[in-house]
Amino acid sequence: MNATVSAQETSVRVWSPYVRLFHWSLVLCVAVAWLSSGEIMKVHELAGYCAGGLIASRLIAGLAGSGYTRFDQFVRGPRTVRSYLADVVRGRERRYLGHNPAGGAMVLALVTCIAGIALTGWMQTTDTWWGVAWVEDAHKVLGNGILVLIGLHVGGVVLASLRHGENLVRAMVTGRKHAPSPEDVA
Numbered sequence: 305m306n307a308t309v310s311a312q313e314t315s316v317r318v319w320s321p322y323v324r325l326f327h328w329s330l331v332l333c334v335a336v337a338w339l340s341s342g343e344i345m346k347v348h349e350l351a352g353y354c355a356g357g358l359i360a361s362r363l364i365a366g367l368a369g370s371g372y373t374r375f376d377q378f379v380r381g382p383r384t385v386r387s388y389l390a391d392v393v394r395g396r397e398r399r400y401l402g403h404n405p406a407g408g409a410m411v412l413a414l415v416t417c418i419a420g421i422a423l424t425g426w427m428q429t430t431d432t433w434w435g436v437a438w439v440e441d442a443h444k445v446l447g448n449g450i451l452v453l454i455g456l457h458v459g460g461v462v463l464a465s466l467r468h469g470e471n472l473v474r475a476m477v478t479g480r481k482h483a484p485s486p487e488d489v490a
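So the numbering used here is basically just the index in the sequence shown, starting at one, shifted up by 304.
There could be a bad hint or two in this list.
Across the chosen pairs, the derived CB separations fall in these ranges [claimed, not checked]:
id, residue 1, residue 2, range
1, T429, P486, 48 to 58 angstroms
2, M427, V462, 52 to 62 angstroms
3, E349, A437, 17 to 27 angstroms
4, T314, K444, 41 to 51 angstroms
5, R396, V462, 12 to 22 angstroms
6, E470, V331, 17 to 27 angstroms
7, Q377, G435, 37 to 47 angstroms
8, A390, W433, 20 to 30 angstroms
9, V436, R398, 45 to 55 angstroms
10, G342, P486, 47 to 57 angstroms
Read the hints as simulated data drawn from the structure, not as lab findings.
Yeah, the Cβ is synthetic: ideal placement off N, Cα and C, and Gly gets one too.
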């Protein structure tokens, strides 16, 4: 018997091509929108509209998609999220093949924040809402808030990668994660 086992044999596909394309496209849109803010407004607006379109497609996929794309696969209640975070603090959290409860909560927070940014950005292009202070303020607050959420998201990815010995950034590129062990939540 051959002692070497290929990565293909010890890993499973978790993230669909759609999820991976969505994720990295949204990263690009948010980065371009943030970098062009107040400078090149046409680029900023285009990036915002693209981000809004991506969010709309993710909402549809989250409700009508399959497997780990569906919201009902990873959206957990507040009690479950708190319990998972307590386990993280104690260093005894279980590995999840898809999103863990904290990751699921982060997906909802990111999607909600980006939807709010896109909506308030669009509102500022209309005759009705152009120049309305609270719309401008909400757009700026959400724009800064997304940076906080991104920082927490990246921190959670790094922590989970280190704790479970798995490069989650690579998994979001390849779609593959280590095959689940009996202790993992699939």
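Is the distance from the Cβ of T314 to the Cβ of K444 consistent with 41 to 51 angstroms? With Cβ atoms ~47 angstroms apart, the hint holds.
Do A390 and W433 keep their Cβ atoms within the hinted range of 20 to 30 angstroms? violated (42 angstroms)
Taking 17 to 27 angstroms as the hint, is the beta-carbon distance of E349 and A437 inside that range? This hint holds: roughly 20 angstroms between Cβ atoms.
At the C-beta level, are R396 and V462 separated by a distance inside 12 to 22 angstroms? holds (18 angstroms)
A range of 48 to 58 angstroms was offered for this pair. Does it hold for the Cβ distance of T429 and P486? holds (54 angstroms)
Between Q377 and G435, does the C-beta distance stay in 37 to 47 angstroms? holds (43 angstroms)
Within 17 to 27 angstroms: is that where the Cβ-Cβ distance between E470 and V331 falls? Roughly 20 angstroms apart at Cβ, these two residues keep to the hinted range, so it holds.
Determine whether the Cβ-Cβ distance between G342 and P486 falls within the hinted range of 47 to 57 angstroms. holds (53 angstroms)
Is the hinted range of 45 to 55 angstroms satisfied by the C-beta distance from V436 to R398? The hint (45 to 55 angstroms, Cβ to Cβ) holds, given that V436 and R398 are roughly 47 angstroms apart.
Cβ separation of M427 and V462, checked against the hinted range 52 to 62 angstroms: With a Cβ separation near 35 angstroms, M427 and V462 fall outside 52 to 62 angstroms, so the hint is violated.
Of the numbered hints listed earlier, those contradicted by the structure are 2 and 8.
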